[in-house]
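K.L.:
Here's the letter readout for the chains.
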Amino acid sequence: MFKKLNITCDEATTICDKNQYGEASFFDKIKIQIHFLKCKICALYTKQNMLLTKAYKSKGASDKVKSSSLCMSQEDKEKLRKELEKLNTQ
Amino acid sequence: MSEPTLTEHKLDPNKWIDKYSDYLFNYTIVRVNNYDISKDLVQETFFAGLKSAKNFQGKASERTWLISILKRKIIDHYRKINSKKGQAEVRMNFYSDGENEGNWIEERVPQSWDNEAEKQIENVELHNQIDACIDHLPEKHAMVFRMKTIQEIDTEDICKELDITSSNLWVIIHRARTQLRKCLEENWFNN
Chain A
2 MFKKLNITCD
12 EATTICDKNQ
22 YGEASFFDKI
32 KIQIHFLKCK
42 ICALYTKQNM
52 LLTKAYKSKG
62 ASDKVKSSSL
72 CMSQEDKEKL
82 RKELEKLNTQ
Chain B
16 MSEPTLTEHK
26 LDPNKWIDKY
36 SDYLFNYTIV
46 RVNNYDISKD
56 LVQETFFAGL
66 KSAKNFQGKA
76 SERTWLISIL
86 KRKIIDHYRK
96 INSKKGQAEV
106 RMNFYSDGEN
116 EGNWIEERVP
126 QSWDNEAEKQ
136 IENVELHNQI
146 DACIDHLPEK
156 HAMVFRMKTI
166 QEIDTEDICK
176 ELDITSSNLW
186 VIIHRARTQL
196 RKCLEENWFN
206 N
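Residue numbers (the working numbering), protein chains in the order written: chain A, 2 to 91; chain B, 16 to 206.
These are calculated hints, taken from the structure and not from any lab test.
Be careful, since some hints might not be right.
[Unchecked claim] Result set (DSS-like, lysine-lysine): computed pairs, CA atoms no more than 30 Å apart in a straight line:
{"#": "1", "chain 1": "B", "residue 1": "K54", "chain 2": "B", "residue 2": "K69"}
{"#": "2", "chain 1": "B", "residue 1": "K54", "chain 2": "B", "residue 2": "K134"}
{"#": "3", "chain 1": "B", "residue 1": "K54", "chain 2": "B", "residue 2": "K25"}
{"#": "4", "chain 1": "A", "residue 1": "K55", "chain 2": "B", "residue 2": "K30"}
{"#": "5", "chain 1": "B", "residue 1": "K69", "chain 2": "A", "residue 2": "K87"}
{"#": "6", "chain 1": "B", "residue 1": "K134", "chain 2": "A", "residue 2": "K30"}
{"#": "7", "chain 1": "A", "residue 1": "K30", "chain 2": "A", "residue 2": "K48"}
{"#": "8", "chain 1": "A", "residue 1": "K5", "chain 2": "A", "residue 2": "K41"}
{"#": "9", "chain 1": "B", "residue 1": "K74", "chain 2": "B", "residue 2": "K30"}
{"#": "10", "chain 1": "A", "residue 1": "K67", "chain 2": "B", "residue 2": "K34"}
{"#": "11", "chain 1": "A", "residue 1": "K58", "chain 2": "B", "residue 2": "K86"}
{"#": "12", "chain 1": "B", "residue 1": "K175", "chain 2": "B", "residue 2": "K66"}
{"#": "13", "chain 1": "B", "residue 1": "K66", "chain 2": "A", "residue 2": "K65"}
{"#": "14", "chain 1": "B", "residue 1": "K30", "chain 2": "A", "residue 2": "K67"}
{"#": "15", "chain 1": "A", "residue 1": "K55", "chain 2": "A", "residue 2": "K67"}
{"#": "16", "chain 1": "A", "residue 1": "K65", "chain 2": "B", "residue 2": "K88"}
{"#": "17", "chain 1": "A", "residue 1": "K80", "chain 2": "A", "residue 2": "K67"}
{"#": "18", "chain 1": "A", "residue 1": "K83", "chain 2": "B", "residue 2": "K86"}
{"#": "19", "chain 1": "A", "residue 1": "K83", "chain 2": "B", "residue 2": "K88"}
{"#": "20", "chain 1": "A", "residue 1": "K78", "chain 2": "A", "residue 2": "K65"}
{"#": "21", "chain 1": "B", "residue 1": "K134", "chain 2": "A", "residue 2": "K78"}
{"#": "22", "chain 1": "B", "residue 1": "K134", "chain 2": "A", "residue 2": "K83"}
{"#": "23", "chain 1": "B", "residue 1": "K69", "chain 2": "B", "residue 2": "K25"}
What you are looking at is a predicted structure, and each value in this text was computed from that prediction instead of being measured.
Just chain B, same shape as in the assembly (with noise of 0.2 Å):
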C-alpha cells in the first residue's frame, strides 16, 4: 500500500453526495431551519464546487473547502433576505422618536403572567408556540435568534458568518426577543 500524500487534496465529486451531503445539509438546516432552502444551498455549493474545480489547489481538504463555498452561499442567502420588500412586520416596542423616545409603547407594555408560568418550561407544547412564534419574525431577526439562542453558537462565530457587527446582532437579537416575548405573552403565558 502506498502512503497517502498528506499535503495534496484530490477532489472526487462522484462521491461528494455519500461523502458530504448528510455534514452540509446539517450545517446548513441549524441555520436558515427550512428544508428546501437548505436542500438548495447544498446543491449549489455542489454545482459551484464543481464549476470552481480547476480552482482547487488541494491545500485545503475537499470538506473544508466545500464548507468554505457554503459560507458563501448561507451570507448570500442572510443578504437576499435581509433586503427582502413586503417581509413580516417588525412591530415596535418602543417609541423611536419625539420626548417619548426609548420608552415602551403603552400597549406593548408587558403584562404579568400567571404564577405557572415557571413550571411550563420543558413543556413540548411551549417548545411548538416557541416556533411559532419565531416563525412569525422577520426571517433575518429568526435566523441571528435561532443561531445564537437556540443553537447556541459564539457570537463571534455567527458575526464572521453573517458579516455584520456584534452590535448589529444584539439590536436583531433585542428586536427578536422583545417581539417573541409579546407572542408568546399573548399567546401561551396570558392565553
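The following block holds chain A by itself, in its conformation from the complex (with noise of 0.2 Å):
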C-alpha cells in the first residue's frame, strides 16, 4: 500500500497531465499530493502546467474559431472534381 505511494517526477507529472484534462483518479490526486510534500520541482511543474493549460484553452477556443472556416481551395476542388469525373465515367 505504502510503496503505491511512492511514486516517481515522470509517474507525477503524467499523472498531473492527467488532471489538466480532469481525468485523473481520486488515487492518482493523493499519490501528487503526497509527491509533492517532498518535491518542489514537481509541484511548480504543476503550477505552470496550469497556467499552460489555460494558455492551450484560450488558444484552442481561437483556433476553433478559425478551423471551422477552413476548406479546400477553389481550385483544388475542381481538380479533384475532374478527376471524380474522369474516374466515374470509366
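Relying on the hints, combine the two individually framed chains into one complex.
P.N.:
Pasting the structure below:
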C-alpha cells in the first residue's frame, strides 16, 4: 500500500498532465499530493502546467473559430472534381 | 412528388465535391493540421469510395459511409507517422534507467517563470509560439496533443479513432506536454 504511494517525478507529472483534463482518479490525486510534499520541482511543474492549460484553452478557442472556416481552395476542388468525373465515367 | 425512401441511400459521386468536400476536409485538417495532407486524405477517400461504390449497401447515408472511409485513411496516416524513421527527436525529461530512473534530468528541471506569465495567456504571439513549439514535436505527439488539447476531443473517441489505448494516449500527452513546457520556457516565458 505505502509502496504504491511512492511515485517518481515522471509518474507524478504524468498524473498532473492527466489531471489538466480532469481525468486523474481520486487515488492518483492523493499520490501526487504526497509526492509534492517532498518534491518542489513537481509542485512547480503543476503550477506552471495549470497556466499552460489556460493558454492552450485560449488558443484552442481561437483556433476552433478559425478552423471552422477552413476548406479546400476552389482550384483544388475543381482539380479533384475533374479527376473524380474521369474515374467515374471509366 | 414521390416520397423519398428513408431506408435506402444511393451514391452520387458527381455531387461529392459540392456536398462533402468541405466537411471531410475540415474533419481532417483539425486532426492532421496540414493543408496538403488533408487534401490528399480527402482525395484518397473519394477515390476509395468510388472504387468500392459497388459494395455500398445503402444502409448508412452517403456521408456516414464516406466518413468511415476517411477515418480509416486517418488511422493509416497516424500509423505511418508513428513508424516513420528520422522523426523529430523526443527529448527525454526524466532518466529512463539506473538509480535515478523517473527523476528529472538536471538540465530539464523546470525553472521558475517571471511573474507576468499569467497575464499573457490570451496573447496572440504566445499562441503563435505554442504552434511553433507543437511543430517541433514528433508528428504523432503533435497530432494526439492537438486532438486532445486544442480540439478537446474525448479521450475515448481519440483512442477509437487512432486505435490506441488510453494509457498509450496519456504517455503521449505527458511527453508532448513536458516537451512543450520546456520549449515555451526557453522561447517565451524566460526568453
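K.L.:
It remains to establish, for every hint, whether it holds in the given structure.
P.N.:
Each hint, compared with the structure:
1. K54(B) to K69(B): It holds: about 24 Å lies between the C-alpha atoms, which stays within 30 Å.
2. K54(B) to K134(B): violated (38 Å)
3. K54(B) to K25(B): holds (25 Å)
4. K55(A) to K30(B): violated (42 Å)
5. K69(B) to K87(A): Holds. K69(B) to K87(A) sits at ~17 Å (cutoff 30 Å).
6. K134(B) to K30(A): holds (28 Å)
7. K30(A) to K48(A): Answer holds: K30(A) to K48(A) is near 14 Å, not above 30 Å.
8. K5(A) to K41(A): Holds: K5(A) and K41(A) sit about 20 Å apart, inside 30 Å.
9. K74(B) to K30(B): Roughly 19 Å between the alpha carbons, so the hint for K74(B) and K30(B) holds.
10. K67(A) to K34(B): holds (21 Å)
11. K58(A) to K86(B): This hinted pair holds, its Cα atoms lying about 26 Å apart.
12. K175(B) to K66(B): holds (25 Å)
13. K66(B) to K65(A): Given that 30 Å is the threshold and the Cα spacing comes to 33 Å, the pair is violated.
14. K30(B) to K67(A): holds (26 Å)
15. K55(A) to K67(A): holds (19 Å)
16. K65(A) to K88(B): holds (23 Å)
17. K80(A) to K67(A): holds (25 Å)
18. K83(A) to K86(B): OK: K83(A) and K86(B) at ~24 Å, within 30 Å.
19. K83(A) to K88(B): Roughly 22 Å separates the two Cα atoms, so the pair holds.
20. K78(A) to K65(A): Between K78(A) and K65(A) the Cα gap is close to 23 Å, so the pair holds against 30 Å.
21. K134(B) to K78(A): violated (42 Å)
22. K134(B) to K83(A): violated (51 Å)
23. K69(B) to K25(B): holds (11 Å)
Hints 2, 4, 13, 21 and 22, counting from the list given before, are not met by this structure.
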